[in-house]
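Which chain is which? The protein sequence lines are L and Z, in order. No gaps in the numbering here: position 75 of the first sequence is 168 in the numbering used here, and each next residue is one more. No gaps in the numbering here: position 546 of the second sequence is 639 in the numbering used here, and each next residue is one more.
Be careful, since some hints might not be right.
Said to hold, decoys possible - Dumping the calculated DMTMM-like pairs for lysine to aspartate or glutamate here, alpha-carbon to alpha-carbon at most 25 Å:
hint	chain 1	residue 1	chain 2	residue 2
1	L	K638	Z	E241
2	Z	K330	L	D242
3	L	K645	Z	D141
4	Z	K159	L	E445
5	Z	K137	L	E209
6	L	K159	Z	E445
7	L	K137	Z	E401
8	Z	K645	L	D242
9	Z	K638	L	E241
10	Z	K114	L	D407
11	Z	K202	L	D451
12	L	K229	Z	D407
13	Z	K638	L	E209
14	L	K645	Z	E212
15	Z	K638	L	E136
16	L	K229	Z	E209
17	L	K645	Z	D224
18	Z	K631	L	E241
19	Z	K645	L	D224
20	L	K229	Z	E409
21	Z	K159	L	E632
22	Z	K114	L	E401
23	Z	K229	L	E209
24	Z	K330	L	D451
25	L	K202	Z	E212
26	Z	K631	L	E212
27	Z	K229	L	E136
28	Z	K229	L	E212
29	L	K638	Z	E209
Derived from the structure by calculation, the hints contain no laboratory data. The structure presented is a predicted model; accordingly, all values stated were derived computationally and were not measured.
Number of protein chains: 2
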Amino acid sequence: MALFTLTVFGLIAVINAEEIKYNPCCSNPCENFGICNRIAWTEKYTCDCYGTGYYGVNCQTPTWSKWISNLLRPSPFTVQAITTNGKIIWKIVNKIKFVHSYFMKFILKIRALSPEWPEPHNTAADYITWDGYTNKTYWGRTLPAVPEDCPTPFGVVGPKEYPDVYKLVEEVFTRTEFKPCPRGTSLSLPLYGQHFTHQGFKSVPSDDTLTWGQHTLDMSHLYGETLGKQLALRSMKGGKMKTQIINGEEYPPNMKDCPGVNMDYPENVIEEYRFAMGHPFFALLPSLMYYSTLWLREHNRVCDVLAEHHPQWDDERLFQTTRLIILGETLKVTVEEYVQHISGMDLKLTFEPDLMHDSSMRWASGRLHVEFNTLYHWHNMIPNYFYIGNKTYTLEETFFNMSSLLDNGMNVFTTSMANQVAGRGAGGRNMAKSLHKVAYEVIKMNRKLRLQPFNRYRELFRLPPYKTFEELTGETKLAKVLSKFYGGEINAVEYFVGIMVEKRYKAKMWGITLTESIGNYALRSVFSNVIGSPQYWKESTFGGKIGFDMVKTASLKDIACRNIKGCPEFKFEIAEAVTEDTDKGMIYNDIESDGTEGTGQHKTEL
Amino acid sequence: MALFTLTVFGLIAVINAEEIKYNPCCSNPCENFGICNRIAWTEKYTCDCYGTGYYGVNCQTPTWSKWISNLLRPSPFTVQAITTNGKIIWKIVNKIKFVHSYFMKFILKIRALSPEWPEPHNTAADYITWDGYTNKTYWGRTLPAVPEDCPTPFGVVGPKEYPDVYKLVEEVFTRTEFKPCPRGTSLSLPLYGQHFTHQGFKSVPSDDTLTWGQHTLDMSHLYGETLGKQLALRSMKGGKMKTQIINGEEYPPNMKDCPGVNMDYPENVIEEYRFAMGHPFFALLPSLMYYSTLWLREHNRVCDVLAEHHPQWDDERLFQTTRLIILGETLKVTVEEYVQHISGMDLKLTFEPDLMHDSSMRWASGRLHVEFNTLYHWHNMIPNYFYIGNKTYTLEETFFNMSSLLDNGMNVFTTSMANQVAGRGAGGRNMAKSLHKVAYEVIKMNRKLRLQPFNRYRELFRLPPYKTFEELTGETKLAKVLSKFYGGEINAVEYFVGIMVEKRYKAKMWGITLTESIGNYALRSVFSNVIGSPQYWKESTFGGKIGFDMVKTASLKDIACRNIKGCPEFKFEIAEAVTEDTDKGMIYNDIESDGTEGTGQHKTEL
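Taking the hints into account, I'd like the entire structure generated from these sequences.
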C-alpha cells in the first residue's frame, strides 16, 4: 500500500516524507539550550541538559537553585535601566571606592564570566571533537549551528532558501541619507574600534571556518603576528620599534626598511607610501595608520622611561616589558573610554582586573566567537565624506591612500576625527554603497556557518524573542521589507541582519541585543586577558611601580597629548547634549527625518 | 686610594668586586616566593609580594587571612598520614558516596589547583613576556630560574661549578644490584607510565627550552600529533584505526601502509618490523607497542559499539567521538589505578571531574612544567632483564626489537609484565648502565635551564628543607658521596638528583618530595583536561549514555580482558603483602640488602 501511494502520488509522498523525516533537532526541541541529539534515523531525539540548570525530557523544568537564581537575577532591562539612569547617584557611587568596586564586580560577574568557557561549540564540527578543541584556527561559536539536514536554512521555519543577499543588502542596508549617531559619537570611536578589533578578528577569506588570530588581545596589529615580523619591525635598540620621519613627525617605517613584513597594498601604491605595520590590512585606511602611529610613539616613549629606571636591561627586556605596558594601556583605555561610551552606562567602568582575582574567572583561555566577529561590522558608522583640516575627502579617496593623514599631520587628524560625527549604527539603511561588499561577505559567512537566527541569540542573552518585524525595527516601512525577505517569519531573521536593523534602545548607540551581547563579549575578552590574571597583574610584570602606574593611569587624552605635537584633544563624544536626545534616535528617517538633510553630514568646525 | 688598591692588588680587587657585586636576587632575599628584581646595577632589590599572601620588604609577614589559612591547612605529612593509615576506616569512607566525595574534593582542592595557573614562569625568558606566554613550544616552569649572573650555579651557595655529570651519575645512579620496588609494583606500572606520559613530555633534543607537545593529555601517542599523521593512521571507515594481523592477532599497522608517519627506527630494522604508531619514539620498546596495541584495539571496539547505536553517523563522527571516549577511559584508569598505586593512599582516588564543577578550577589552560618532566624519569624501575613467557630478554635486546611481544603474543606479555617486579625508584644506585645516558641528558637539561636546587622545591611544596645529606638519603654512604659532589652544601643538591636519591617515605614508592609534587602535577594535568570541564563532561560529548558509561566504568583489567584473547589478568601490584614492608625499603643495599641477591631479580612464575 505504501508502495502504491509512492507510485501514484509519487511527488507528494516524497515531499511528505521530507517534511516529516527531517532531523528532529531542527526545531530546537531541547529548551534552555540543552544539547539535542537525534536517535539513529528516527524522529526521536535526546536532550542533554547537563549544566543548563534544567531537567526533564526537553530540559524544561528548572532545578530549585536555578529557579531561585532566575528569580533573583535582574533582567537585562533592569540592569540597563539601573546603570543608565540616575546620573547624580552614579556620580556619587563612582567616587566611593568600595561601593563602586561592588557594582563593577557585579557587572563583571554577570558579563565577563559568560558565554561559557571553554566554549563547547566551534566551527570545526557540529559536535565536540578533540581536533576542533586543539586547533585554534577554528572560531569559537556561541550557539551550535543549525543542523545540516533541516527543511529550511533556519531550522523548520521561514523560506526554503535564504533571501538573495544582494537584494537584501540593497533594500535593508543602503544609506538613503546620512544619519548621524544620536549619541554624538565622534568618528574617533568607530575608527578606534576598527583598529583595535582587527588584532583579534582575523578571518581567512578562503575558508569561513578559520581565523589566523590568537583569540586574545595581543597588540599583534602593532607588533606583528609572528616573531619574524616583530623582529623586522623592531629597531633592536633600547627596546624600540622602527619609525621614519615625514614632515618632521614620526610615523611607521617604510616597507623597504622592514624586510619580511607583508602589507595589503595594491600595485599602484608607490614605494614611498608603503608603510610597514603589524597588520597587513592596515594599509587600507589612514585612520588605521593614525592609531598605529599613536601607539608606536607611545611604545618608544615608554622604552625611554624604562631604560632610565633599568639601565641594566637589554633591548629584549625593554621591548618585552614595554609591550606588556602598551597592552595594559590599551585594555585600560578600551574599557574606560571606548566600552564606557558604547555602553552608555552612568556607572564608571574601570579596568581593575584584581576585582576578579577571587572569582572563578578563567584567564588566558578560550577563543573568539564568530558571533562576536559578526556583530562587529559597524560600517553604518562610517560617513561618505571625511572632513580633515580644510579638505573634504570622499570615503573612497581614503582607501590605500595615507595623504589625508600625512598632509594634515597627526594633530589635525586627531581633532578632525574627534569633531566629526559618526553615522548611526542602529536601525539599518545607513551603509555607504562602497561598503556593501563587507555586508555581503558577513552574511555569506554566517550562512556558510549556519548561524542560528537572531531570535535564538536573544533567548540566549535572556531577551524575549521578537514577535513581529515592527517590534524589531520600531517602525513599519523597513519592517515590511524584512517581512518580504523572510516570508513573514520573524524567527527566520538572520543574526547579522537582526543585529543591524534592531531599533535603538533608549540612550544607547545600538539595539538592546547588540548592546547586551557586546557587553559580555568585550568585557570577557578584555578581563580574561592573561595580563589581568593574579600571576601577571603585579608590579614586577610591568617593570616595577613606574610601569604598573603607567598602565593604571593611562588615558587616550594623555597618550595623544604626550605623543602628538600641540597636544590635540582626543574624544569619543562630540557634545554631551546629543546623548539626551533619545526619542529621535528611535524614529526612522523614512518616517521622519532625525535632523539631517539629504546626504549632508554634520560638518563641525575644527 | 681605591685606584691604588686596584693597581697594587689588581687581581684580588677584581675578585672581591665580583664577590660583592653580584645580582642580589641570587640569594633569594624575597621570602615566600615573592618576585625579586634588582634595582639598576646596584646591590638593592625589590620584592613583588602580590599574590603570595605575604607583605613586607622581603615578603616576610603573612596577612591575617594567610596566617589563618596556614594555621588551618594540614601539613603534607598530616595529609599523607591521614590518607595512608586506617585501612578499615577508609574502606568504609570509600563506600559512602557523599563522604568519599567530600574527601576526594578536598584532595583535589589542595592538589589540582596548584601550582598556580596560568604559570608566570616559562623557559622563554627569566621575566614575563608576551612572546613566552603565546608561544606554547616553551615549557612552563614551577620556579623561576636561578639568575644568570650569580656567584655559583646554585645562587650564592655551593661549588663554583656544577659537579661533573658523568662522575655524578656513575657514583650516585649506577645499579650495584637490582633492588626491587618494596611496594611490589609490577613492571606494568612504569611501562604504563612511560607510554602514558610520552603524550605530553616531548622534549626537543636540540633545544632544552622547547617542547613539541600540546601541554595536555590528548592521546596523541595513539592518534599522532598532527592531523596529517592522524589521517594516515585511520582506516577512514567506521571511525576505525588501521591495524594489521600478525600471528592471528591485531597490532598497529606497518609503516608502509601509513605514508607520512615518521618513526624513530634505526636503519637496520627491516620493513616488516617497522610499525606505525602515534609517537615516533614508540619504535623503541615492545612495551610501548604493547600499550599502543591495547588502546588501538579498544578504539576499534568502541567504534563498533557507537556505530550500532548511531547508524546515521559517518566515519568522521565515529572517530572523533571514539577518541574522546578513549581519552576519558585513559584518564579514568590513570587516576584510579595508576596514580592510586603510586600515591599509596587508602582513600580511593576517583576520576569524577564534576566534583570540581563548582570550584575555581581552570580547565584547558596552562602548560606542562619542566620540573614535572624532570621528575618523571623513573629509569630506576626498569630491570636489567625481562622475563616474558619462557624466555629471558636483556634490557638492551628489547631496544627497537618487538619480537618479545610478537613471539609471545599480547596475552603472555600482559601476564609477564604483571608478574615481574619493577625496580625500586627511591634512594638512588638502581639505574641500569645502558640507561645512564638518560640521566646525563636530564641533568644537563636542568643545568641549561638553571633549575633551582632541590631544597627550594621542598619549600614550595611546604616541606622543610633538608639540613644534612644524611637526612636526605636516610643513610650515610650515599650521603657522603653526595656531600663530596656538592661541596658539603645540602642547599646545592640539584633538583633531579634530590628527587632520585631521597629516602623512601613510609609506605610510598618514592620519597616525600616526589610523592607530594607528582600528586599536584598529575592530578592537575588529568583533572584540568578540557573533557572534564562542565561544558564537555556530559553524555552528549561521548555519544550519549552508552559512551559516557564506558568512560565512567573503564578499568585496565576490563580493557585488557575485552581486547586480548584469553582475558589475561592486568595488574600494577604483584602482592599486597609487599606493601606493608615499609622499613626494609628505607635501608640501603650497601648497608643491608633488602632481600635480593647480586644482580638477580625476583623471577615470578607466570
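Exercise. Compare the distance between the alpha carbons of K638(L) and E241(Z) with 25 Å, and conclude whether the hinted pair is satisfied.
Key: holds, 24 Å
Exercise. Please work out if K330(Z) and D451(L) have their alpha carbons no farther apart than 25 Å.
Key: Measuring from Cα to Cα gives roughly 49 Å; hence the hint is violated.
Practice problem: For the pair we were handed, K645(Z) and D242(L), check the Cα-Cα distance against 25 Å. | Solution: Between K645(Z) and D242(L) the Cα gap is close to 32 Å, so the pair fails against 25 Å, i.e. violated.
Quiz item: Regarding the pair K330(Z) and D242(L), is the alpha-carbon distance no greater than 25 Å?
Solution: With a Cα-Cα distance of about 22 Å, the restraint between K330(Z) and D242(L) holds, given a limit of 25 Å.
Exercise. Take a quick look at whether K631(Z) and E241(L) sit within 25 Å of each other, Cα to Cα.
Key: holds, 23 Å
Practice problem: For the pair supplied as a hint, K638(Z) and E241(L), confirm whether the alpha-carbon distance does not exceed 25 Å. | Solution: holds, 24 Å
Quiz item: Under the criterion that the straight-line Cα-Cα distance not exceed 25 Å, is the pair K638(L), E209(Z) satisfied?
Solution: holds, 23 Å
Quiz item: Within 25 Å, alpha carbon to alpha carbon, are K229(L) and D407(Z)?
Solution: Distance ~24 Å between K229(L) and D407(Z) Cα, so the pair holds.
Quiz item: Given the proposed pairing of K114(Z) with D407(L), does the C-alpha separation stay at or below 25 Å?
Solution: holds, 19 Å
Quiz item: Do the alpha carbons of K645(L) and D141(Z) lie within 25 Å of each other, as the hint requires?
Solution: Cα-Cα ~17 Å, so holds.
Exercise. For the pair supplied as a hint, K229(Z) and E212(L), confirm whether the alpha-carbon distance does not exceed 25 Å.
Key: Holds, because 20 Å separates the two Cα atoms, which is no more than 25 Å.
Exercise. Given the hint that K229(Z) pairs with E209(L), test it: the Cα-Cα distance must not exceed 25 Å.
Key: With a Cα-Cα distance of about 24 Å, the restraint between K229(Z) and E209(L) holds, given a limit of 25 Å.
Checked against the numbered hints above, the structure violates hints 5, 8, 24, 27; every other hint is satisfied.
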